[in-house]
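**Student:** Residue strings, one per chain:
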Amino acid sequence: MGLKQYLKNIWEAVYTIALGMKITARYGIDPSEEITQQYPEEKRQPAERFRGFLHNDVPRCIACTMCAKTCPVDCIEIEFVTGEDKKRKLTRFDINIGRCMYCGLCVEVCPTKCLTHTDGYEKASLSRGELILHFVEPASAEEEEAQEKEAEPEPAPAGAAPAENPSGKEPEGTGGEN
Amino acid sequence: MDSAVAFLTSKIPFLASLPFWVVAFLVMLVVALVILGFALTYEGIATYIERKVAADIQVRIGPNRVGPNGWFQFIADGVKLLMKEDLIPAKADKFLFVLAPYLVFVGSFAAFVVVPFGISLIAADLNIGVYYVMAVTSLVVIGILLAGWGSNNKWALLGGMRAAAQIVSYEVPVGMALLPAVILAGSLSLQEIIRSQGGYLGIFGWNIFHNPFTFFSFFLYFTAALAETNRTPFDIPEAESELVAGYHVEYSGIRFAFFFMAEYGDMFVVCALAAALYLGGWQVPFVDVSGLSPLLANLLSLGVFLAKVIALILVMMWVRWTLPRLRVDQLMRMSWKYLVPLTFVNVLGVSVWVLAFDGKGIPALVMSLLGR
Amino acid sequence: MEIERLPESDELLINMGPQHPSTHGVLRILLRTDGELVTGAKPDIGYLHRSLEKIAERVTYAQFMPFTDRLDYLAAANCNCAYAWAVEKLAGIEVPERAEYIRVIVCELNRIASHLIAFGAFTADMGAFTPFLYGIRERERINDLFEMICGNRLTYNYARIGGVSHDLPDGFLDELKDFLDYFEPKIDEYNQLISYNKIFVHRLANVAVVSKEDAIAYGLVGPNLRGSGVKWDLRKDEPYSVYDRFEFDVPVGFGEKGTVGDAFDRYMVRIREMKESVKILRQAIEQIPDGPVMAKVPRVFKPGPGEVYFRAENPRGELGFYIVSKGGTSPYRLKIRTGSFTALTIFDKVARGHLIADIIALIGSFDIVLPEIDR
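Protein chains in written order, with my numbering: chain X, 1294 to 1471; chain L, 878 to 1249; chain D, 643 to 1017.
Pulled out of the complex, with its shape left as it was, chain X reads as follows (with noise of 0.2 Å):
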């Protein structure tokens, strides 16, 4: 290594040092650069095909079972009676939303668009159960069987996890199954 060589590369690299550092410090200077948002008190807005949390609108629901079907990790849980008019009536439809991957199958193929994805995506729980998502609340859908009316379409409250369904009653047809 000649001298020529020793002082190249000495300065080579005090320069190229001094041009990173040049991009570091208007980074470090400019403050209008930071991009962190402060996660609970800003939100960013998720985008209109947000795939978050699934919903199912349940008045709508023709209990078809396709999402059960589709679903590659078997999140969807649906069972049913079929009334005398042949209309099918949810006694249960349960999401994991612990096994769900929110890869939006389910929502491609369901044929009255009642499953739907909503942009909630916050959900922290302590065990488990909370983390199934109950669209029927199976107690009252048996009580309003006879009144020919569906239970209330909104999820079920987290936190309160709701008793199992009394198994009195084998229901006709069960999805989720593949």
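Accuracy of the hints is not assured; some may be wrong.
Unchecked claim - Within a straight-line C-alpha distance of at most 30 Å, the following computed DSBU-like cross-link-like pairs (lysine-lysine) qualify:
| id | chain 1 | residue 1 | chain 2 | residue 2 |
| --- | --- | --- | --- | --- |
| 1 | D | Lys696 | X | Lys1362 |
| 2 | D | Lys840 | X | Lys1297 |
| 3 | X | Lys1315 | D | Lys899 |
| 4 | X | Lys1301 | D | Lys899 |
| 5 | D | Lys977 | X | Lys1362 |
| 6 | D | Lys828 | X | Lys1336 |
| 7 | L | Lys957 | L | Lys971 |
| 8 | D | Lys938 | X | Lys1362 |
| 9 | D | Lys731 | D | Lys968 |
| 10 | D | Lys684 | L | Lys1031 |
| 11 | D | Lys921 | X | Lys1315 |
| 12 | X | Lys1406 | X | Lys1380 |
| 13 | X | Lys1406 | D | Lys944 |
| 14 | D | Lys921 | D | Lys944 |
| 15 | X | Lys1315 | D | Lys917 |
Claimed, not checked - Now the stretches of chain D that chain L is said to cover, found in silico as 3 or more residues with beta-carbon under 8 Å:
| id | segment |
| --- | --- |
| 16 | 765-772 |
| 17 | 839-851 |
Hint data in this document are derived by calculation from the structure and do not stem from the laboratory.
All C-beta atoms, glycine included, are put in the ideal place defined by N, C-alpha and C.
Given chain X, put chains L and D in place with the hints provided.
**Tutor:** Chains L and D only, in chain X's frame:
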């Protein structure tokens, strides 16, 4: 020491009744506690600043939850480290494992003794100040080596070995890069060296502007000092992405905090040394602080000194968050093939300069040419 | 997992991983070292095995699509499309032209995102953490674009057998153009910041050299192969989809700072490929036709008996799907061949004689993704 004791005993009669060594011990204790308090506070704030600097460079915000703008983050960090489980690996050499963090911390903290914070704010103005710093900071390497060996972990061992090789080889360029300033002042006492940099020239009285050799010496010292403190781009003993965490991979809780504080303490010491030797220490440009009242002079010089040191520390952080890490063999090559020869050339150059121009620097020569 | 060691020697056996900051996931490497010098290295894989190939035999063709997201999570769109192309080749489905263009757009966009992570993770491995965050910043905008198209930011599940799930949303092409204008200068900034940094160059030049012959003999693919100076890119040499309609170069390593096929060459190939992807994207924006995005595919999709092998150029090299159909709704057998896996086969050979720090450079420059290796 003697004068301080005499001063106190004359003011406080109670102390006069005590034997000399008791009073002397008390004075030492108080001074040590004051410096320890300063060092710990500085280290806390430095970690906060480091995180903020990193965040700014990386287009993030950084800590902003604890206290206004996150200023109390370091307290939260400290509390967290204190409360963490103190873990000693089952197969570790327990004695060495426990001893190592203290050695590292003592090595860095002891150097604070000769740091000239102000015109008379210095714990001990040793006449061998520069070499005292060199000597006690070398203690760090023993601690790191013990930590690496005592952990009984292969990564830690590799880190400890790397650290030993690195710190030992970088002692040479660091020492050599300090010599030019010592030659110019003709003294190893830090206060002496700083006093020699004052005068009518303002910032051009600083050693860094004395002649080209001292100018390069400053940068060489700064580079070598980065390596001494194991900071990126020379952080191969820790080498997060290679050795996981190097020598302190097995440490947790407050023992880890000791290593951490030692790193930041080291940073302060090397930056203080750089400021004192080349950037005029506590000298305020164009103001003769010795002419002011003692309180004002000390406050002013303290502020100026800290400003200089913190500026250098910020540069260290800036370097850390920009550059990649050298490889272990490249690190050695850089020391022995680049830094050592260049620092030797500088020492030689400064010596010749002092002989040739009777110790006058370029600014002084220019001024004398201009007829002042 | 054994690695031979001379008895009575001073050599040290070190376990690198599966928990190690820079093994890019859960790769375990058994290192035999003499001090810092590595005298042997054996990669140990399988910590992330999810038996994707077996799952494929249990689910229908369409249901397997989300699983391809999990194959290479950094380039999910590429995996989606490669699988879709493979099945379409098997069943002989003609895909609408617009869908092909959309696939090219998402593939190239995802290639940029993947190379950004490769760039960032590699520089972070080398000790410079800041470029990683710059890379993430740009990738975040790509994720936003993907969220616009398909609603997810990482596992897109966008391609469908016979097309894509949604047409491009309104205003997407303008957003994409904005992004490209923003992104292109950033590549030069990366080069200034780190690529040509003397320390960085020294860390990479002449390190982990894979010769042209070795690269071919060990079956390296993608940027790793091109880094060794072999000009082989499926998009050019075996054009699929509409790739033959675009003008772009295939960057190869040419020993810019050292030997051909060293870590620096592989790194620069990725940096340059980002520029080429930008070129392709700009052309695709100009050329994209109107029309449907989904071919007519029966709801119960049953391709006839047969077998097919299709490979596509992924960010990590060729991703091959070998599908055997016996006429059912799910594949009889599905075999996936990935680029990261072949890169690991040459690991031991290249690693010998390097320092521990170079092993990190080696892993980083191969840009392996563990889910793709373990499948």
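**Student:** Determine for every hint whether it applies to the structure shown.
**Tutor:** Status of each hint after checking the structure:
no., hint, in the structure
1, D:Lys696 <-> X:Lys1362, "19 Å, holds"
2, D:Lys840 <-> X:Lys1297, "17 Å, holds"
3, X:Lys1315 <-> D:Lys899, "23 Å, holds"
4, X:Lys1301 <-> D:Lys899, "15 Å, holds"
5, D:Lys977 <-> X:Lys1362, "25 Å, holds"
6, D:Lys828 <-> X:Lys1336, "27 Å, holds"
7, L:Lys957 <-> L:Lys971, "23 Å, holds"
8, D:Lys938 <-> X:Lys1362, "21 Å, holds"
9, D:Lys731 <-> D:Lys968, "15 Å, holds"
10, D:Lys684 <-> L:Lys1031, "18 Å, holds"
11, D:Lys921 <-> X:Lys1315, "28 Å, holds"
12, X:Lys1406 <-> X:Lys1380, "18 Å, holds"
13, X:Lys1406 <-> D:Lys944, "25 Å, holds"
14, D:Lys921 <-> D:Lys944, "38 Å, violated"
15, X:Lys1315 <-> D:Lys917, "23 Å, holds"
16, 765-772, "holds (count 8)"
17, 839-851, "holds (count 5)"
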